[in-house]
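With the hints as extra help, turn the sequences into a complete structure.
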Amino acid sequence: MTVVADRPNGLEKADAATPEFEKAANRAASRRGFLLSLPAYTYLVLFFAVPLGIVMIYSFATRNRFGGTDLSGWNLDAYRKLGEPIVRDILFRSLWLAALTTLICLVVAYPFAYFIATRTPVIRNLMLVFVMIPFWTNFLVRNYAWRVLLGNDGLFTNISEALGLGERELLFTTSAVVIGLVYGFLPFMVLPLYASIERIDLSLIEASRDLYASGFQTLRRVLLPLSMPGVIAGSILVFVPSLGAYVTPEILGGAKTTLLGSYIVTQFLTARNWPVGASLSFVLMTIMLIATLVYFRTGGRNL
Amino acid sequence: MSSTVQPRGTTKIALAAHSWLVYLFFFAPILVLIVFSFSDDNNVGRWGGFTLEWYQDFVENTQLQNAVWVSIRVAVLSTVISVVLGTLAALALERFKFRGRKVFDALLYLPIIIPDVTMAVMMLLFFSEFFDLLETWFGLDWQKGLSSITISHIAFNISFVSVVVRARLAGMSEVLEEAALDLYASRWKTFRYVTFPQILPGVAAGALLALTLSLDDVVITQFSSGPGATTLPVFVFGLIRRGVTPLINATSVLMLAASVILVALSLAFQQFSGRPSLRTARQAISAKPTTNTQSKEGIPQ
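As you go down the protein sequences, you meet chains A and B in turn. As numbered in this note's numbering, residues 1 to 303 make up the first sequence, in order. As numbered in this note's numbering, residues 1001 to 1301 make up the second sequence, in order.
If you are wondering where the hints come from, they were derived from the structure by calculation, not from laboratory data. A hint or two may mislead.
Listed next, the stretches of chain A that the computed footprint assigns to chain B, with coverage defined by at least 3 CB atoms under 8 Å from CB atoms of chain B [stated by the list, open to error]:
no., region
1, 96-108
2, 129-136
With a straight-line cut-off of 30 Å between C-alpha atoms, the simulated DSS-like cross-links for lysine-lysine are [claimed, not checked]:
no., chain 1, residue 1, chain 2, residue 2
3, B, K1102, A, K256
4, A, K81, A, K256
5, B, K1097, B, K1189
6, B, K1012, A, K23
7, A, K23, B, K1097
8, B, K1102, B, K1189
In this text, all values refer to a predicted model and were calculated from it rather than measured experimentally. Even for Gly, the Cβ is constructed at its ideal location relative to N, Cα and C.
Here you go:
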């Protein structure tokens, strides 16, 4: 390629009147873009798209008597198993816990995000930094910290005994899992809420109060509708990882609180029923894809 | 304006108190963990005087040391490769129109939104099939280990790096690049001296995110690691399931310290990326407003 031909942006724009020249430039740009994307493209096809395809194939396969998987003879048996009481219960429990976590995060994060958004810029940034520190902190360690707090003879039990509330065992219960999930994903709710509240013209609240709306009315009729994109974005960002959570229920939950993530892992590591595990991971992924589409539609990406 | 909008009286106090409680919720467990990692008592929830014994144990534990090295090697290797691939992908998507662009864009987003567990399952099945193939076709006997963990980590890190770099590129006018090309700089020189210095904060932020994600991951790593090599989080996860010990406390605090260093670095880079001189220069030069005027800095994607 000569030096002159390798100069599409500048020179060719000046000569854009000639269609051939423009076409050649477009073709060159197209080739360049394709070449730039090629390494990542190839990598993702090989190590992401192909594995995804394999999971799909496995989800239609049958488990044989030896714990292996027969790939011939596709069927929907693995998906039918979703209707069985055990799996259905786990699915509903996961959905319920994820919804509960999302609701708690929303209730806790909304006033908090509002408070941050109404501070002066310096304090605001400082407060945000202290939200981001737990956000970046190792997830496993954060869950483990609650295991220590709630555990047998842990600080929580000691305090509860000292207060005369009796010995309360929270560890290995559903409550412990919800606490862990809220703790893990609260920053995901705070940040989009903050971003959308910060953008609201606060004089609208003033106007609402001037027109004799009560504080609650202002919240319900002005603040909440205007911050809806943040509410939706935050809810999805919390709901989606809560639904697929594996580490938190494993560390803080007990045998009675098996969730979808743990169940899928069990299917692969101990039960050796790969088709069921594959079909469940596929269902989980579909729920996430739908949630993500909603997220993009409602403009969560712009937050 | 803001003075009259400020909530008054009880509402104001309640909001402030609530915020302090949220911070207490965020930081109390971490602080308790740090304090008790220095406690000289086999029971993790009881204070038995100050000791560094558990940190000593950590240093002397060869299994933990091995896991630390595997973690570091995987994190560095996967970060370097995914930063190169992710940055190229970001440049391609933000600066060029090409055939297959939309498919590539979608494919690049998938690893971010896919649940960890699903991706873990994907990698498990993929490596199981792939190693079978290698054995039947080439007679190679490969085991899951460092290489398979690294491959999985690159697969999700490329996407995160490219999202961060794209956010940077989107807020950047092409005018400077066009000027360089007009002044007969080659494509490479334009990238080296004009584009790259401008996207560097984005690339650095992407690299730090990739490092953090790689050091954080449990599920995907667990499913793509073999008996030969496990990373620190997977090893610690296994230990936790067997029971809580002061050694895990100490290890966790060290992992915490690593995270804090990474946060500090990322904040430093954000400061750097917000340098006013560059931004004002860019605004002065570009006559047309950039398409993406919203600043994404300060809010993690």
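Each hint, compared with the structure:
no.: 1; hint: 96-108; result: violated (count 1)
no.: 2; hint: 129-136; result: holds (count 8)
no.: 3; hint: K1102(B) <-> K256(A); result: 44 Å, violated
no.: 4; hint: K81(A) <-> K256(A); result: 20 Å, holds
no.: 5; hint: K1097(B) <-> K1189(B); result: 22 Å, holds
no.: 6; hint: K1012(B) <-> K23(A); result: 63 Å, violated
no.: 7; hint: K23(A) <-> K1097(B); result: 13 Å, holds
no.: 8; hint: K1102(B) <-> K1189(B); result: 29 Å, holds
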